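For chain U, the structure is supplied; the task is to place chain S on it using the hints.
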Amino acid sequence: MMAYYREDAKVLSGGMSLIPLMKLRFAAPATIVDLNQIQGLDYIEEAGGYLRIGCLARNRAIVRSELVRSRHPLMSSAAPTISDPVVRNRGTVVGNLTHADPQGDWATVMMCLDGEVVARSTEGERVIPVSQFITGPFSTTLMPNEIAVEVRVPGATNFGEYHKIERKVGDFATVAVGVALQQQGGSVSRVGIGLTGVGPSNIKCYDAERIVSGGGLNENTIQQAAQAAAADSSPRTDHRGSEEYKREMVAVFVRRSLHAAAGIRAA
Amino acid sequence: MALDEIQIGGLGARRKRVEDARFIRGKGNYIDDFKLPGMLHMETLRSPIAHARITSIDTSKAWMTPGVHMVITGDMAAQHNLAWMPTLSYDTQAVLATDKVRFQGQEICCVVADDPYIAKDACEVIVVEYDPLPPIVNPKQALAPGAPIIRDDKAGQTNNICYTWEVGDKENTERVFADESMQVVSQDIFYPRTHPCPIENMAIISDYNSATGKLTIYLTTQAPHIIRTAVALVAELPEHMIRVIAPDLGGGFGNKVPVYPSYVIAILASILLTRPVKWIEDKTGNLISTGYARDMYFHCDAAIRKDGKIQAVRVHADTDNGGFFSDAQPTKFKIGLFHSIFGCYDVPYGYLTAQGHYTNKAPGGVAYRCSFRITESMFFQERFMQTCAYEIGMDQAEFRRVNFIREFPHRTTFGFLVDSGDYDKCLDLALDKIDYDGFKARQDAARKQGRLLGLGLSCMSEPLGAGNSREYDIIGIKMFDSAELRVHPSGKAVLKIGSKTQGQGHETTFAQIVTHELGIPADDILVQHGDTDNTPFGMGTYASRSTPTAGAATAMVARKVRAKAKKLAAHLLEVSEEDVEWELGRFYVRSAPNRGVTITDCAFAAYTNMPDGLEPGLENNAYYDPPNMTWPFDVYVTTVEVDPETGEWDVLKFVGVDDCGVRINPMIVEGQLHGGLAEAFAMAYHQMITFDSQGNCIGSNYMDYMIPTAWETPHFELYEVVTPSPHHPIGCKGIGECGCVGGPAAFVNAVVDAVAHLGVRNIDMPCLSSRVWEAIKYKKDVSGTPPLPGQ
Numbered sequence: 502m503m504a505y506y507r508e509d510a511k512v513l514s515g516g517m518s519l520i521p522l523m524k525l526r527f528a529a530p531a532t533i534v535d536l537n538q539i540q541g542l543d544y545i546e547e548a549g550g551y552l553r554i555g556c557l558a559r560n561r562a563i564v565r566s567e568l569v570r571s572r573h574p575l576m577s578s579a580a581p582t583i584s585d586p587v588v589r590n591r592g593t594v595v596g597n598l599t600h601a602d603p604q605g606d607w608a609t610v611m612m613c614l615d616g617e618v619v620a621r622s623t624e625g626e627r628v629i630p631v632s633q634f635i636t637g638p639f640s641t642t643l644m645p646n647e648i649a650v651e652v653r654v655p656g657a658t659n660f661g662e663y664h665k666i667e668r669k670v671g672d673f674a675t676v677a678v679g680v681a682l683q684q685q686g687g688s689v690s691r692v693g694i695g696l697t698g699v700g701p702s703n704i705k706c707y708d709a710e711r712i713v714s715g716g717g718l719n720e721n722t723i724q725q726a727a728q729a730a731a732a733d734s735s736p737r738t739d740h741r742g743s744e745e746y747k748r749e750m751v752a753v754f755v756r757r758s759l760h761a762a763a764g765i766r767a768a
Numbered sequence: 106m107a108l109d110e111i112q113i114g115g116l117g118a119r120r121k122r123v124e125d126a127r128f129i130r131g132k133g134n135y136i137d138d139f140k141l142p143g144m145l146h147m148e149t150l151r152s153p154i155a156h157a158r159i160t161s162i163d164t165s166k167a168w169m170t171p172g173v174h175m176v177i178t179g180d181m182a183a184q185h186n187l188a189w190m191p192t193l194s195y196d197t198q199a200v201l202a203t204d205k206v207r208f209q210g211q212e213i214c215c216v217v218a219d220d221p222y223i224a225k226d227a228c229e230v231i232v233v234e235y236d237p238l239p240p241i242v243n244p245k246q247a248l249a250p251g252a253p254i255i256r257d258d259k260a261g262q263t264n265n266i267c268y269t270w271e272v273g274d275k276e277n278t279e280r281v282f283a284d285e286s287m288q289v290v291s292q293d294i295f296y297p298r299t300h301p302c303p304i305e306n307m308a309i310i311s312d313y314n315s316a317t318g319k320l321t322i323y324l325t326t327q328a329p330h331i332i333r334t335a336v337a338l339v340a341e342l343p344e345h346m347i348r349v350i351a352p353d354l355g356g357g358f359g360n361k362v363p364v365y366p367s368y369v370i371a372i373l374a375s376i377l378l379t380r381p382v383k384w385i386e387d388k389t390g391n392l393i394s395t396g397y398a399r400d401m402y403f404h405c406d407a408a409i410r411k412d413g414k415i416q417a418v419r420v421h422a423d424t425d426n427g428g429f430f431s432d433a434q435p436t437k438f439k440i441g442l443f444h445s446i447f448g449c450y451d452v453p454y455g456y457l458t459a460q461g462h463y464t465n466k467a468p469g470g471v472a473y474r475c476s477f478r479i480t481e482s483m484f485f486q487e488r489f490m491q492t493c494a495y496e497i498g499m500d501q502a503e504f505r506r507v508n509f510i511r512e513f514p515h516r517t518t519f520g521f522l523v524d525s526g527d528y529d530k531c532l533d534l535a536l537d538k539i540d541y542d543g544f545k546a547r548q549d550a551a552r553k554q555g556r557l558l559g560l561g562l563s564c565m566s567e568p569l570g571a572g573n574s575r576e577y578d579i580i581g582i583k584m585f586d587s588a589e590l591r592v593h594p595s596g597k598a599v600l601k602i603g604s605k606t607q608g609q610g611h612e613t614t615f616a617q618i619v620t621h622e623l624g625i626p627a628d629d630i631l632v633q634h635g636d637t638d639n640t641p642f643g644m645g646t647y648a649s650r651s652t653p654t655a656g657a658a659t660a661m662v663a664r665k666v667r668a669k670a671k672k673l674a675a676h677l678l679e680v681s682e683e684d685v686e687w688e689l690g691r692f693y694v695r696s697a698p699n700r701g702v703t704i705t706d707c708a709f710a711a712y713t714n715m716p717d718g719l720e721p722g723l724e725n726n727a728y729y730d731p732p733n734m735t736w737p738f739d740v741y742v743t744t745v746e747v748d749p750e751t752g753e754w755d756v757l758k759f760v761g762v763d764d765c766g767v768r769i770n771p772m773i774v775e776g777q778l779h780g781g782l783a784e785a786f787a788m789a790y791h792q793m794i795t796f797d798s799q800g801n802c803i804g805s806n807y808m809d810y811m812i813p814t815a816w817e818t819p820h821f822e823l824y825e826v827v828t829p830s831p832h833h834p835i836g837c838k839g840i841g842e843c844g845c846v847g848g849p850a851a852f853v854n855a856v857v858d859a860v861a862h863l864g865v866r867n868i869d870m871p872c873l874s875s876r877v878w879e880a881i882k883y884k885k886d887v888s889g890t891p892p893l894p895g896q
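Chains as they are written, first to last, in this note's numbering: chain U, 502 to 768; chain S, 106 to 896.
This is chain U alone, in the form it adopts within the complex (with noise of 0.2 Å):
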């Protein structure tokens, strides 16, 4: 169907993001293709090393799955924080990377976890890293005749949070930070730092991951790294906060998290 109608199409997943467009009259897609009649694309499952997302799998799924909690602590810190119940009993991880609204949280926690997305159409398969996949507010490089049917993440990480400011459940992040580890001993074998909010796009902390992962986790490299990560974010004043506040909270909960796992107490 995708390769038929391409452009004038659209996906429906949870609906969550696309049908408030239509109603406020922001889209006006000629074609629903609507995935929910097909079996099967609900599922979250580990194969060939990666933790799989199927396109259908709703929030609510992923807030209350144990494997998800198992291999990726980051997937269940920020899966209750998207938007409020109603939203995650519909909207699915997958819509929301696609939807590849500057505000979308699960974008900055694949790209923390270095997710990739699948994307399949009648010429067939392909696997799109999620920091490649996501260009810019509200695009990606999906074709038109691509549905994105599956994210998935490769192996596991044993420490995870993702930290919040919202004004109310449902809002916007007024500011949102990402922080995955795999610590082994007092070493760091990998390491995921994502900024929600507080840029035109989400954000990978390159220079905080590399602080952290070159040099562990110690008062240091955790001060270093929290300001590492407040100045990759060019967050902008509006209603919800300055530009200021905005990558100070930065600094704070990068800090935050890196103090938690690293059991240091904050100061």
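No wet-lab data here; the hints were simulated from the structure. None of the values given here were measured: they were computed from a predicted structure. Idealized CB from N, CA, C, for every residue including glycine. Incorrect hints may appear among the rest.
[Claimed, not checked] In the EDC-like style, the derived pairs of lysine to aspartate or glutamate whose C-alpha atoms are separated by at most 16 Å in a straight line are:
hint : chain 1 : residue 1 : chain 2 : residue 2
1    : U       : Lys669    : S       : Glu817
2    : S       : Lys882    : U       : Glu745
3    : S       : Lys758    : S       : Glu822
4    : S       : Lys538    : S       : Glu825
5    : S       : Lys669    : S       : Asp706
6    : U       : Lys524    : S       : Glu271
7    : S       : Lys414    : S       : Asp284
8    : S       : Lys672    : S       : Glu686
9    : S       : Lys882    : U       : Asp585
10   : S       : Lys121    : S       : Glu612
11   : S       : Lys319    : S       : Asp636
12   : U       : Lys524    : S       : Asp387
13   : U       : Lys524    : S       : Asp226
14   : S       : Lys411    : S       : Glu285
15   : U       : Lys669    : U       : Asp585
16   : S       : Lys140    : S       : Asp220
17   : S       : Lys671    : S       : Asp684
18   : U       : Lys669    : S       : Asp755
19   : U       : Lys669    : S       : Asp809
20   : S       : Lys259    : S       : Asp204
21   : U       : Lys669    : S       : Glu753
22   : S       : Lys245    : S       : Asp293
23   : S       : Lys882    : S       : Glu753
24   : S       : Lys166    : S       : Glu229
25   : S       : Lys669    : S       : Glu686
26   : S       : Lys530    : S       : Glu503
27   : S       : Lys245    : S       : Asp797
[Said to hold, decoys possible] Residues of chain S placed beyond 10 Å of chain U at every Cβ, according to the derived structure:
hint : residue
28   : Gly117
29   : Thr160
30   : Gln184
31   : Ile254
32   : Ile266
33   : His345
34   : Met346
35   : Lys411
36   : Ile582
37   : Lys671
38   : Asn733
This is chain S only, laid out in the frame that chain U set:
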């Protein structure tokens, strides 16, 4: 034997709301639930910009859209003398813009079509050309030299001031301030624009029957009788041929008192097309164009004696009134009952001035869950009292106690008469429940660990239940209210009231008043309201006035009915009326208490066995003109913890003590307090309607205009004190709005208290985490609206 009043649902019974049976089953009837044969649908085109001259309006494509029946412009409305309409503050308001648009969201055209989607599509093909003018978004800009005159339609209007007003004793106030032994404390505080945002937006079906000439208006309104009279006067239609039906209201909170432009056009369209026309407003339309509240700047000076007694206050308020001065308020006042400020304190002298300003924002100034600008006065009062206590170095509770009034009735410094109260008892109870002394110790200990705890106190009384007719009227109609009671032969009754429920549970509580007076079980009394063909004239529901006025009328009419029943009882008992005594539900012979007849017996006799010379039937009506307003007293106290790194704050505990006199139904009182306090919390925590420099409304949907969910809303712990109103027939006072009026200051005071040791005295609402963080980081006040792009 007298009946058990609680058991039959009388005064004080926690009777379940009879309305809920239909509400929780989805069986309520709101305007959009009504579908009339041949009904058409209307949509309103609104201005996307805040201030501009209209150079042309081309509706030709809309007229050509299939399914469109009529496109109405301001010029067409003008042919029927309806391009402008009067406001409730004796100003004029554009119905459809002809010359200029004066705020974003202003009504320009209306389209009537077969369905609402066609009407909306047709609105989108109307081409309006604008010549933009500089937008004015606050009073400061309105007064700036060279500012464009927003109301250039008004002859003689040479600036953007819409009113000035003053009250008090200027000379003596200045004399006190000149006394050098006084400590003077001053402060500026801003109460941002908020919106009542009922879940059901504005909605109307206008049905004009050309054969009978009858106009039936289904309208979501708090004041159906006033609307009927207003329509009769504005549209020059015969009032007896107008019927206003206000069915279940999906909330109102003051937003549903005024007449809105789209109502006028829907009525006009139904008359021109002779078909029913329905208009259902969308949420954005509601938030950007209908009656807002607050938006007031406050300055106050207090002269305080060494012992903490306030000797004089100087108050100035600037209001931002939007494009048209359409505050809903009694005629005599320009800033509502704002001068009720300091009403619970013994302040010998005061002088209050106020000035209103036209701006390029939506008009309104409605009494959002308050008795006409009282929320502002109580918020400012209690925020300022906290500041005074800090500045003179006195304990918060003690400072208030020193200044409380204790003799009643008390004439306030600005002229109100406070009827009754027991303030110390309420304050003592509240401080005990919050563990006031213990908390102060915990606060000190926490600070040493770098944690920030704060306690906020708010004490207030407000005049509720306008009016008396000498002082209070709206568009000339005196502010009384009414009730009509019919007791059927079998002893069941129908009560019709002039007021109208907007969700407070009148159908439950007004029956309880009749039960209290007559002993008829509440379940046997049907309460009707909201249909002008079927109820006596009343002023509607707002300003916590229903129980003080229509509730009083209900008690009075029940007493009239009881007086007649007594005559019937005497006849049945074959004794003279003087020998008949009353106990709940029963008349008996004084000398032989076992000989009696029930109210049901009397009702049956009224239709079957009347004495000679007595009219048949058992019914009557009463119009009640209150001698004074009722004065509840409320203490709200809350504790919070502020995150010193992020500025986020959580409520630790909230205690409310309310004295609203006699409680008809304590459960409903508590429910209303919960609702009001949730709204208070919303304003303090995150709610605002503000504007960018271009006059774009920030807060035009529920994403940006936030209503707290169960997640954010704190638990409210409530207690009661009962000081009956001395003049209300059953001792009741208004209560529905107290939480919303007194609550905001408690929350903000608590947040400010948590950071007061840093020298912070003010954080203007909403206390968003970013603003609290700024106060902590820079150790300074954070005032005005939050930062916005483009400012």
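Status of the hints after comparison with the structure:
1. A hinted pair counts as satisfied when its Cα atoms are at most 16 Å apart, and U:Lys669 with S:Glu817 qualifies at roughly 7 Å.
2. Of the supplied pair hints, the one linking S:Lys882 and U:Glu745 holds, its CA atoms being roughly 11 Å apart against a limit of 16 Å.
3. Among the hinted pairs, S:Lys758 with S:Glu822 is consistent with the structure: their alpha-carbon atoms are about 8 Å apart, no more than 16 Å.
4. Under the criterion of a C-alpha separation no larger than 16 Å, the hint pairing S:Lys538 with S:Glu825 is consistent with the structure, at around 12 Å.
5. Proximity of S:Lys669 to S:Asp706 is assessed by CA-CA distance (about 13 Å); at most 16 Å being required, the pair is judged to hold.
6. Among the hinted pairs, U:Lys524 with S:Glu271 is inconsistent with the structure: their alpha-carbon atoms are about 48 Å apart, more than 16 Å.
7. At most 16 Å may separate the alpha-carbon atoms for a hinted pair to count; S:Lys414 and S:Asp284 meet this at roughly 14 Å.
8. For the proposed pair S:Lys672 and S:Glu686, the alpha carbon gap of about 11 Å is at most 16 Å, so the pair holds.
9. Taken as a hint, the S:Lys882 and U:Asp585 pair is broken in the structure, with Cα atoms around 31 Å apart against an allowance of 16 Å.
10. As the CA atoms of S:Lys121 and S:Glu612 are separated by approximately 11 Å, the hinted pair is consistent with the 16 Å bound.
11. With a C-alpha separation of about 15 Å, the suggested pair S:Lys319 and S:Asp636 falls inside the 16 Å cut-off, and the hint holds.
12. Of the pairs offered as hints, the one joining U:Lys524 and S:Asp387 holds, with about 11 Å between alpha carbons and a cut-off of 16 Å not exceeded.
13. Proximity of U:Lys524 to S:Asp226 is assessed by CA-CA distance (about 13 Å); at most 16 Å being required, the pair is judged to hold.
14. Distance hint between S:Lys411 and S:Glu285 is fulfilled; the C-alpha atoms sit about 11 Å from each other, no more than 16 Å.
15. The hinted pair formed by U:Lys669 and U:Asp585 meets the criterion: a straight-line CA distance of about 9 Å does not exceed 16 Å.
16. Restraint check for S:Lys140 and S:Asp220: the C-alpha separation of about 12 Å stays at or below 16 Å, so the hint holds.
17. Simply put, S:Lys671 and S:Asp684 have alpha-carbon atoms about 10 Å apart, close enough for the 16 Å limit, and the pair holds.
18. Taking the CA atoms of U:Lys669 and S:Asp755, the gap is about 12 Å. The hint holds against a cut of 16 Å.
19. Between U:Lys669 and S:Asp809 the alpha-carbon distance is near 10 Å, which keeps this suggested pair within the 16 Å criterion.
20. Restraint check for S:Lys259 and S:Asp204: satisfied, since their Cα atoms lie roughly 12 Å apart, inside the 16 Å limit.
21. Between U:Lys669 and S:Glu753 the alpha-carbon distance is near 12 Å, which keeps this suggested pair within the 16 Å criterion.
22. Proximity of S:Lys245 to S:Asp293 is assessed by CA-CA distance (about 14 Å); at most 16 Å being required, the pair is judged to hold.
23. Restraint check for S:Lys882 and S:Glu753: satisfied, since their Cα atoms lie roughly 13 Å apart, inside the 16 Å limit.
24. Taking the CA atoms of S:Lys166 and S:Glu229, the gap is near 9 Å; set against the 16 Å cutoff, the hint holds.
25. Proximity of S:Lys669 to S:Glu686 is assessed by CA-CA distance (about 13 Å); at most 16 Å being required, the pair is judged to hold.
26. As the CA atoms of S:Lys530 and S:Glu503 are separated by approximately 14 Å, the hinted pair is consistent with the 16 Å bound.
27. Restraint check for S:Lys245 and S:Asp797: the C-alpha separation of about 15 Å stays at or below 16 Å, so the hint holds.
28. The beta carbon of S:Gly117 sits about 37 Å from the closest Cβ of chain U, which is more than 10 Å, so the claim that it is off the interface holds.
29. The Cβ of S:Thr160 sits about 26 Å from the closest Cβ of chain U, beyond the 10 Å cut-off, so the non-interface label holds.
30. Against the 10 Å criterion, S:Gln184 stays outside the reach of chain U, whose nearest CB is about 32 Å from its own CB.
31. No Cβ of chain U approaches the Cβ of S:Ile254 within 10 Å, the least distance being about 30 Å, so the stated non-interface status holds.
32. S:Ile266, annotated as away from the interface, keeps every beta carbon of chain U farther than 10 Å; the closest lies near 29 Å.
33. At roughly 43 Å, the least C-beta separation between S:His345 and chain U is larger than 10 Å, which holds for a residue marked as non-interface.
34. Once the 10 Å rule is applied to beta carbons, S:Met346 is consistent with being away from chain U; the minimum gap is 39 Å.
35. With a cut of 10 Å on Cβ distances, S:Lys411 stays outside the contact zone with chain U, its closest approach being about 42 Å.
36. Distance to chain U confirms S:Ile582 as a non-interface residue, since its nearest Cβ pair spans about 41 Å, more than 10 Å.
37. The beta carbon of S:Lys671 is kept farther than 10 Å from every beta carbon of chain U, the shortest such distance being approximately 57 Å.
38. The beta carbon of S:Asn733 is kept farther than 10 Å from every beta carbon of chain U, the shortest such distance being approximately 41 Å.
When the structure is compared with the earlier hints, violations turn up for hints 6 and 9 and for no others.
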